[in-house]
Amino acid sequence: MAEFLVSSGWNANLAQIVASVLGAVVLASFGLVWIIFSIWLERKFAGRVQDRLGPNRTGPYGLFQTFADVGKLLIKEDITPEGADKHIYNFAPILAVAGIIAIFAVIPFNHVWVGADLNVGVLYFVAVGSLATLAILLAGWSSNNKYALLGAFRAIAALVSYEVPMMLSLAVPVLLAGSMSMQDIVKGQSIAYIFVVPVSALIFFISQLAEVGRSPFDLIEAESEIIAGFNIEYSGMKFAMFYAAEFIHAFVICVLTAILFLGGWRGLGAGEPGYELFGFLMVMMKSVAVYALVMLIRNTLPRIRIDHMMAFNWKFLVPLSLVNLLVVMFLARPFVPDYAAAEAAVAAGGLAGLFGSIFGSGFIAELPRAVVLLVANVIMFAAATQLLHRYGETQRAKLGVKDVQPVRATAMASD
Amino acid sequence: MQPNEWLFIGIFLIVALILPAVPIFLAQLLNPKRPSKMKQEAYECGVETVGDAWVQFKVQYYLYALVFLIFDIEMLFLFPWAVAYNQLGLFALVMMAGFVGILGIALIYAWRKGALEWL
Amino acid sequence: MLPLTAFLIVAALLFCIGMYAVLARRNAVAILMGIELMLNAVNINLVAFWRYLTPGTAATAEGLQVGMAGQSFAAFVFVVAAAEVAVGLALVISVYRNRRTVIAEDVDALRY
Amino acid sequence: MQPEFGQWAIFGLFTVFIIGGGIGTVSSRNLFHSALWLIISLFGVAGFFVLLAAPFLAAIQVLVYIGAIVILIIFAIMLTRRLMGLREAVNSQWLYGLIGALITFGVIALGLVLASSGNTPLLASQPLSDITGDSLRDLGVALVDLNQYVLPFIVASVLLEAAMVGAIVIAREDE
Chain A
1 MAEFLVSSGW NANLAQIVAS VLGAVVLASF GLVWIIFSIW LERKFAGRVQ DRLGPNRTGP
61 YGLFQTFADV GKLLIKEDIT PEGADKHIYN FAPILAVAGI IAIFAVIPFN HVWVGADLNV
121 GVLYFVAVGS LATLAILLAG WSSNNKYALL GAFRAIAALV SYEVPMMLSL AVPVLLAGSM
181 SMQDIVKGQS IAYIFVVPVS ALIFFISQLA EVGRSPFDLI EAESEIIAGF NIEYSGMKFA
241 MFYAAEFIHA FVICVLTAIL FLGGWRGLGA GEPGYELFGF LMVMMKSVAV YALVMLIRNT
301 LPRIRIDHMM AFNWKFLVPL SLVNLLVVMF LARPFVPDYA AAEAAVAAGG LAGLFGSIFG
361 SGFIAELPRA VVLLVANVIM FAAATQLLHR YGETQRAKLG VKDVQPVRAT AMASD
Chain B
1 MQPNEWLFIG IFLIVALILP AVPIFLAQLL NPKRPSKMKQ EAYECGVETV GDAWVQFKVQ
61 YYLYALVFLI FDIEMLFLFP WAVAYNQLGL FALVMMAGFV GILGIALIYA WRKGALEWL
Chain C
1 MLPLTAFLIV AALLFCIGMY AVLARRNAVA ILMGIELMLN AVNINLVAFW RYLTPGTAAT
61 AEGLQVGMAG QSFAAFVFVV AAAEVAVGLA LVISVYRNRR TVIAEDVDAL RY
Chain D
1 MQPEFGQWAI FGLFTVFIIG GGIGTVSSRN LFHSALWLII SLFGVAGFFV LLAAPFLAAI
61 QVLVYIGAIV ILIIFAIMLT RRLMGLREAV NSQWLYGLIG ALITFGVIAL GLVLASSGNT
121 PLLASQPLSD ITGDSLRDLG VALVDLNQYV LPFIVASVLL EAAMVGAIVI AREDE
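Chains as they are written, first to last, in this note's numbering: chain A, 1 to 415; chain B, 1 to 119; chain C, 1 to 112; chain D, 1 to 175.
Hints may be right or wrong, so weigh each one.
To be verified - With a cut-off of at most 25 angstroms between alpha-carbon atoms, the simulated SDA-like pairs for lysine to any residue come out as follows:
| hint | chain 1 | residue 1 | chain 2 | residue 2 |
| --- | --- | --- | --- | --- |
| 1 | A | K44 | A | L63 |
| 2 | A | K86 | B | K113 |
| 3 | A | K76 | A | T58 |
| 4 | A | K146 | C | R100 |
| 5 | B | K58 | C | I103 |
| 6 | B | K113 | A | L63 |
What the hints assert, rightly or not - The following label-pair restraints were derived from C-beta to C-beta distances:
| hint | chain 1 | residue 1 | chain 2 | residue 2 | range |
| --- | --- | --- | --- | --- | --- |
| 7 | D | G100 | C | V77 | 39 to 45 angstroms |
| 8 | A | V25 | B | P35 | 44 to 50 angstroms |
| 9 | A | P368 | B | Q87 | 14 to 20 angstroms |
| 10 | D | W8 | A | V25 | 24 to 30 angstroms |
| 11 | D | A9 | A | Y391 | 54 to 60 angstroms |
| 12 | B | K58 | D | S117 | 28 to 34 angstroms |
| 13 | B | L26 | D | G100 | 49 to 55 angstroms |
| 14 | B | V22 | D | G6 | 23 to 29 angstroms |
| 15 | D | L151 | B | G114 | 30 to 36 angstroms |
| 16 | A | I297 | B | K58 | 46 to 52 angstroms |
| 17 | B | G114 | A | G392 | 20 to 26 angstroms |
| 18 | D | I103 | A | V21 | 51 to 57 angstroms |
| 19 | A | V375 | D | L13 | 51 to 57 angstroms |
Stated by the list, open to error - Per the computed footprint, the stretches of chain D lying under chain C, defined by three or more beta-carbons under 8 angstroms from a beta-carbon of chain C, are:
| hint | region |
| --- | --- |
| 20 | 16-28 |
| 21 | 44-58 |
Calculated from the structure, these hints are not laboratory results. A virtual CB, placed ideally from N, CA and C, is assigned to each residue, including glycine.
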């Protein structure tokens, strides 16, 4: 792009800037356009789970429902409450969306389609995510409403708490790939990290779910408890912006999970030069698969209480992620993959050559580490679930509940 | 430094701020404006507002933010260390384990003191 | 490239703004914010000197290695800033609870 | 468009952020607004770190300062709010404070200008070295290297633990 402009007689610096602006607009719009689709998807999915049809009147399969909603929102009256801090009040919804969209800047969709492959990419998206937290604080404070402020505070206490296990588990792929650049992390995944460090992947996913405020952690918008929370005074398009931010964020966490733990654009030969579009589709397919999981969780699990949510974080997730980090730290070091040696072994033929020709030499290089870490992770996972199980039993005993059998699928089926 | 990449990030942040402002601005042009005293009151389920919005908060919020801050600072050391991980020897590993361990002790202390309870 | 002096002057100005806040504000939280500004000015200086005056690169087995004194110092300043603000605000909250004030000069008794 | 001009423009933008935010912080009566101005100022400092080829510190600046320290400050403001009406923001010696700060700045600025002018300036206008390697990796090595900063590193962790324990003891209610 920039080269083309330069070749047609533009100043090099100016061309660079123009190309960047265009790229930024395209990438950011992609995020916004995606919401329109994802809202439709989400409503259809919720409908199916709850044995309804979902939107089906406007357009084929109700596809235009979201456009109708946008049209309605545009002509809604926008009420600014008395005593609100006007500038901050107006700025908060913009910041909420901007903080989430900005994450798209570092997401690699294939080995060339990436906004900016920063060498601190992982930290960048955590840092930018904290701007969205700030937006909640601004909204809650500027509304001049007790409930808004209260809602904002408990939301922030929750978001901030779940950031800790998120970052601790994030350190694991960084450590395995030896880089914070998103692109390098994808390239390091000849074996997707979910098969190497599933515990980290699970912690990351759970804490990201809490960051978004999706069920079962949707206390940020607990309608039945604090009449909606920080965005209570917002109406019309500004309220819609908070909503949009949530939808983009829900999708962004799926993309991030896909990239950091599911191998990003790699797999089935995707991402090789010449298959750029396939790589992009790969990322989207993986993301949508994770998104289906998020939607399923949202539509089937009840909301948990805030004290349980905090206790789960600080007394289970954080200690677990600390232990997980220590285990990975000591087990991974002797098995740092030696790509050059693996390539040589594959070239030499024999058994390694056979496997190498099927899976690629990177796979051979990462295999020992993956096996060791996977075994350790399975043990850790078993121990953690056993711990939770014991805890649940003691709590039930404390409450005097004796003969409660866990509800099993077979019991449901026999009814 | 890759100056162009950071230039892109800067431009992207500006674009990300402008994009959501557009629909809000459009709505500002299109929507009806009939303000009234009742409408602009703080919404408290129909009950008249008493006092101002500044309620007294529990110290618990502060304690959560405090523990978070300490762990956040840990990331400052953890991430460069993780990037350099493949070149480090056993000594560096033990040092970082000690660092994480000390913070783990701090977490256990906070737990014991009840700083992590939601009251 | 920008001259080093430009960064240093901005840092000096920020430092003095922070100093004014520490000297003149009554509210203890505002004073702490002033201290944060001063620490940030220090950090700008550390990183600027690191960028401009790092004495060359040393060739090691792993390739070129840049001296890391400035950035490391800045990292430790972060730690100090965090510890300072955590304890400082805890003190403010404690004083507020016992004395019902957050005005720095009202807290002038050595014991209560 | 010259690259020089572009750099100065970006530098100027961040300077406006830093200085404007700083002045806003010290002059706002409303403490919440002070904290917001502080965010702007800190964001400008993060921009400076990017200009100075330390992007890791810039990310940490946003993460730690804006994401944690300012939120901590705002929580503290909320906790200590009840008795702070719109009384005077500054104390009786604010004029001395202002003069002192201005004199300090004057002295530093004079020193800097003198040091960077003349035939053999003390302060270089060009970086001595280009950043070629991965400075982030070097930082990671430096922090846990026995010959470099491992002792401050461990002391820092102890300091953090002490700060956390101390703050919890001080701030807890039922004592």
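- Can you list which hints this structure breaks, lowest number first? Hints 2, 6, 7, 8, 12, 16 and 18 not satisfied by this model.
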